[in-house]
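Protein chains: 2
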Amino acid sequence: MKQAITYELIHECKQTGARRGIIHTPHGDIQTPVFMPVGTQATVKSLSPEELKDVNAQIILANTYHLFLRPGHKLVEKAGGLHKFMNWDRPILTDSGGFQVFSLGQLRKISEEGVEFQSHLDGSKKFLSPEKAIEVENSLGADIIMAFDECCEYPSTYEYTKKSMERTTRWAQRCKKAHKNVENQGLFGIIQGGFYEDLRKKSAEDLIKLDFPGYAIGGISVGEPKEKFLEILDYTTPLMPKNKPRYLMGVGTPDYLIEAVIAGIDMCDCVLPTRVARHGTALTSKGKIVVRNATYEEDFSALDDECDCYACKNYTRAYIHHLIKANEILGIRLLSLHNIKFLTNLMDKVRIEIENDNLGCFKNDFYHKYGYID
Amino acid sequence: MKQAITYELIHECKQTGARRGIIHTPHGDIQTPVFMPVGTQATVKSLSPEELKDVNAQIILANTYHLFLRPGHKLVEKAGGLHKFMNWDRPILTDSGGFQVFSLGQLRKISEEGVEFQSHLDGSKKFLSPEKAIEVENSLGADIIMAFDECCEYPSTYEYTKKSMERTTRWAQRCKKAHKNVENQGLFGIIQGGFYEDLRKKSAEDLIKLDFPGYAIGGISVGEPKEKFLEILDYTTPLMPKNKPRYLMGVGTPDYLIEAVIAGIDMCDCVLPTRVARHGTALTSKGKIVVRNATYEEDFSALDDECDCYACKNYTRAYIHHLIKANEILGIRLLSLHNIKFLTNLMDKVRIEIENDNLGCFKNDFYHKYGYID
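Line order of the protein sequences matches chains A and B.
Mapping the first sequence onto the working numbering, position 155 (from 1) lands on 155, and the numbers just tick up by one.
Mapping the second sequence onto the working numbering, position 68 (from 1) lands on 68, and the numbers just tick up by one.
Keep in mind the hints are simulated off the structure, nothing from the lab.
There's no promise every hint is true.
Claimed, not checked - Derived pair list, reagent style SDA-like, types lysine to any residue, alpha-carbon separation capped at 25 angstroms:
1) B:K288 / A:H27
2) A:K14 / A:N358
3) A:K126 / B:D305
4) B:K313 / B:R278
5) A:K78 / B:H66
6) A:K84 / B:D305
7) A:K163 / A:G123
Unchecked claim - Some chain B residues flagged as far from chain A (calculated, every beta-carbon gap over 12 angstroms):
8) Q41
9) K74
10) E297
11) K313
12) L337
13) N345
14) F362
Remember, predicted model here, so these are calculated numbers, not experimental data.
Just so it is clear, CB atoms sit at the ideal spot from N, CA and C, and this is done for glycine as well.
Work out the full structure: start from the sequences and follow the hints.
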């Protein structure tokens, strides 16, 4: 059967081993490595689809948990699917709701069958299982959909993590069986196993047997120290198939993105650029600046003098400072736009540096210039 | 001396007497009658300048009171003036702060000199006088600036209204004297006099002697019944010079706009389109709809099937309903965009109907179709 998602490897960086590739999807190609902005509730917060294209967003995420609760997947299906509902004609990826059930859902009860939880919106009882999550994702109709998994807390014991990882593998099997739309939606497996190398290995091996068109690493960047993050990344990424996309979930700080790419990752997503925007922060080539702070009140320069985004071409830090202080939506819009552009620009450069076999040097230069890494 | 603002009368509707004209300003021509969206804090809430142009905003307002308090007029002046600060190259009008001092400022003390009040932002003591308001407006640099006036509450006694109106006239004189930038900014006088015909007449006569390049009617649409509104409009507008722009302050409901134009008004402004947008309401050719309501949850039609705005061309009521329920900024943006377009479209039609000597019939048709008028 024709697969919805295929991966084409173009080049491996001789300096770092990072991968330059293309993911082919029903809604077009994605040049990788790629950063994917998050549109939790069928909108990337504050931005229009046209603006997302202007800042070179190749693919966006949406959250199954949120859309399941509101407006409901059946409504989105009636609207003609998520692409049509939100007026976005490029690729979309939906997560499975697993992560949010554990981070947002209340009073959750996990069983082999699935997870019962209370909606964070109205306290009503809801249930997500592998079958239900896939039903929801099939209704939403994203190009890439994720298997329903359990994302363990950090830290979790070896015993709990093992039990949870094994269940996640069984759930992945059930997701695969439940998936109704293989030709138009590619279902990715999620490698769990917490902070234990042997569990990550077992998870990867068992999921690879299920032959998903792509694989993700879940359950890292959940509060662990950076050394731990790098350690897991380093031993987990090589376990993933070379001929399929590799997705690291929930990562979006510039340094984590670069490290992930060097480890062999193709896709990352994070709410970071839009979330910090709402708090008045801009990512710039010289590090983060909190433009909300009084320092920028009379600063008539652009957010980032190396950036060519709409915000940087037309507005000053002083104006954006004013908008943020005055709780004006345009301030959030300009910062969100700029921050996403900063990360997509970074990935544009990363792709070029991979092709030039120069990503290692680029990383050192970037770290030096960005000033500090958090 | 060359005047910043001149008015050219093109045609008077034979059916109604409504005026079709052009206001020439340093930042370009304004086709009148015109509806002016309000950008209180140097931004029309939620929208970019490009979007305002897309919805045919010919001129926008900004509020002197707000910009005086934050970010401060001296800062805006340093930024190169309001046009440059907010990236808007079409005409701008600033009010004088008079209305806001009375509606937002706390613990105000009015004297002949001016008004002392507490900032609604931080409670600090501030003072606005005719001279100070003009200093602020000169720093902001709008094309049209308004004299500092007192806007009486509704209802107010004859005695108070008279005293206040006479002071407003004295203040207008002081404003004229204080105005430093006559060639680039046109200072308009504001006719007060509350709900008393003789006071309106006296106000108009005295202000006309001061020979301002334009005149406004202030202190109506402040909570009075519609009959009262129409009555004042009917006896005040004919008092205003024919060869100068006539501006009715704070009016934006479709029926009030049409009535104002028929009475001979050229310019109106109101926060209505953006304010009701934030509450989930759309103005449509068949009346207002509260798209936030559950009725629209599964309504896959456009906000208004007669509208060609970006929101109506690309999104359904169901999607906008979802965005508003989920507190997503894009929902406010789409409704704001649409609502302003609705009013600018209305004025486009009004201008054509004046040229066709048909505004009376248009009004009847509009009222019939719009369904209800509030």
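Handout entry: Verdict on F362 (chain B) as a residue remote from chain A, using beta-carbon distances over 12 angstroms
Key = Nearest chain A Cβ is 33 angstroms from F362 (chain B), so the label holds.
Problem - Least C-beta distance from E297 (chain B) to chain A larger than 12 angstroms - result: 7 angstroms, violated
Handout entry: Pair hint K313 (chain B) and R278 (chain B), alpha-carbon separation not exceeding 25 angstroms
Key = 20 angstroms, holds
Problem - Outside-interface status for K74 (chain B) - nearest CB in chain A farther than 12 angstroms - result: Its Cβ does come within 12 angstroms of chain A, the nearest being 10 angstroms, so this is violated.
Practice task
Quickly compare the C-alpha distance for K84 (chain A) and D305 (chain B) to 25 angstroms and report which way the hint goes.
Solution key: 18 angstroms, holds
Practice task
With a cut-off of 25 angstroms on the C-alpha distance, tell me whether K288 (chain B) and H27 (chain A) pass.
Solution key: Outside the cut-off at roughly 37 angstroms; violated.
Exercise for the section: Would you check the hint for K14 (chain A) and N358 (chain A), treating anything up to 25 angstroms between C-alpha atoms as holding? Expected result: 8 angstroms, holds
Problem - Distal placement of N345 (chain B) relative to chain A, Cβ over 12 angstroms - result: At about 21 angstroms from chain A, N345 (chain B) clears the 12 angstroms cut-off, so the statement holds.
Handout entry: Separation of Q41 (chain B) from chain A, once the least beta-carbon distance is taken, above 12 angstroms
Key = Contrary to the label, Q41 (chain B) does not stay out of reach of chain A, its closest Cβ about 5 angstroms off (not over 12 angstroms).
Exercise for the section: Sort out whether D305 (chain B) lies within 25 angstroms of K126 (chain A), counting only the CA atoms. Expected result: 37 angstroms, violated
Exercise for the section: For the pair we were handed, K163 (chain A) and G123 (chain A), check the Cα-Cα distance against 25 angstroms. Expected result: 28 angstroms, violated
Practice task
Could you check that no beta carbon of chain A comes within 12 angstroms of the beta carbon of K313 (chain B)?
Solution key: 9 angstroms, violated
Against the hints set out earlier in the document, violations occur for numbers 1, 3, 5, 7, 8, 9, 10, 11, 12.
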